[in-house]
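Q: Residue-level listing of the chains:
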Amino acid sequence: MSDGTPLDPAARLREIDDLQHEVQRRAAPRSEFLFVTWGLAWIVGCLAIYLGFAPESRPTFPLPTALIVAGLALVAAMAASGLHAARSAAGTRGPSQRVGAIVGFLYPTSFLTVGFLGARLQAAGASTAALVSYGLTATCLVVGMLSAASALVFNELTNVLLGGVLLLAGLVSTLLPAPLNLFAGVGAGLGMLALAIAQRRLAFAQLIPRNDD
Amino acid sequence: MTDRPPLPEALDPIIHVAARLRIVAALAVLPEGDEIAFPKLQKLLEVTSGNLATHLRKLEDAAYIRVTKTIQGRTPVTWIRLTDEGRTAFRGYKRALRALLEPSLPSE
Numbered sequence: 001m002s003d004g005t006p007l008d009p010a011a012r013l014r015e016i017d018d019l020q021h022e023v024q025r026r027a028a029p030r031s032e033f034l035f036v037t038w039g040l041a042w043i044v045g046c047l048a049i050y051l052g053f054a055p056e057s058r059p060t061f062p063l064p065t066a067l068i069v070a071g072l073a074l075v076a077a078m079a080a081s082g083l084h085a086a087r088s089a090a091g092t093r094g095p096s097q098r099v100g101a102i103v104g105f106l107y108p109t110s111f112l113t114v115g116f117l118g119a120r121l122q123a124a125g126a127s128t129a130a131l132v133s134y135g136l137t138a139t140c141l142v143v144g145m146l147s148a149a150s151a152l153v154f155n156e157l158t159n160v161l162l163g164g165v166l167l168l169a170g171l172v173s174t175l176l177p178a179p180l181n182l183f184a185g186v187g188a189g190l191g192m193l194a195l196a197i198a199q200r201r202l203a204f205a206q207l208i209p210r211n212d213d
Numbered sequence: 001m002t003d004r005p006p007l008p009e010a011l012d013p014i015i016h017v018a019a020r021l022r023i024v025a026a027l028a029v030l031p032e033g034d035e036i037a038f039p040k041l042q043k044l045l046e047v048t049s050g051n052l053a054t055h056l057r058k059l060e061d062a063a064y065i066r067v068t069k070t071i072q073g074r075t076p077v078t079w080i081r082l083t084d085e086g087r088t089a090f091r092g093y094k095r096a097l098r099a100l101l102e103p104s105l106p107s108e
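Protein chains in written order, with our numbering: chain F, 1 to 213; chain E, 1 to 108.
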């Protein structure tokens, strides 16, 4: 963006675009980082739980160990994405942060309900395999719906794709028997890794394109 | 003496200055109503604080940005946000550039 030289509108539009991509990359949470973090957590978590069941005659891990590994993957992803989001948000304030905080609050609230319902199902005699199926599908449903909802709020294409991946994984998980259905969760994780790769092309892509930009 | 080419009439002269265009373009990335702290904006644009302050004043005079000074703890913090007028002017500037590329299109 230089002064005093003949104006090249195409170059100037490109410079604006490049600058805005750079600012977006440095000032907003990096979706590709979040997709990789959570994609790996889903893959590690679902594979660990699967190996806690399979092979049926002699599972690779004791189930409690598998659940601890899955739990650690979840906590690591929560800590990494929470820290990343907090660092990105530093130095900015406004309505979008308040909306983000509300969306962020909906996750623990929803999972509290998922957890309590799981405990209720266990008390009613549901098997461990049934509880795993419930946990997987309920997680896909909650995260898928919240991702799609935040995509609508922030007008982002990638989040609606993430929501679609998770809702599809949730649907597939209901069609497979346990513990094979955990591969639907692995598929969701792979879908997130694919979104991380696609993010370079989709950065700035709006769910509903605005004609006035 | 430099002979600067005349500015096409549709291009907003306030935004057209490279440093100010960079500021407005950066602020336009933020969602509407969001503000950015002066040091963060300075870091993003890699400019000196004096240079940034000078151009911010020009943009504030044109009502394209709003500058709010607050105290956080004991530290003064300057927050900057693009106003509706600034956002409209930036969109108009981009439209004008596109119109220069395709003169048959209306530039508004």
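The hints are simulated quantities; they were obtained by calculation from the structure and are not laboratory data. Incorrect hints may have been included.
Said to hold, decoys possible - Quick list of the computed label-pair ranges, beta carbon to beta carbon:
1. Ala18/E with Tyr107/F: 38 to 46 Å
2. Gly73/E with Gly115/F: 31 to 39 Å
3. Ser49/E with Ala194/F: 23 to 31 Å
Here a beta-carbon is modelled for each residue, glycine too, at the ideal position from N, C-alpha and C.
Q: Starting from the hint 31 to 39 Å, judge whether the C-beta atoms of Gly73/E and Gly115/F obey it.
A: holds (38 Å)
Q: Given the range 38 to 46 Å, decide if the beta-carbon distance of Ala18/E to Tyr107/F lies inside it.
A: Given a distance of about 43 Å, which is inside 38 to 46 Å, the answer is holds.
Q: Lying within 23 to 31 Å: is that true of the beta-carbon distance Ser49/E to Ala194/F?
A: At roughly 42 Å between Cβ atoms, Ala194/F and Ser49/E fall outside 23 to 31 Å, so the hint is violated.
Comparing the model with each earlier hint shows a violation of hint 3 alone; every other hint is respected.
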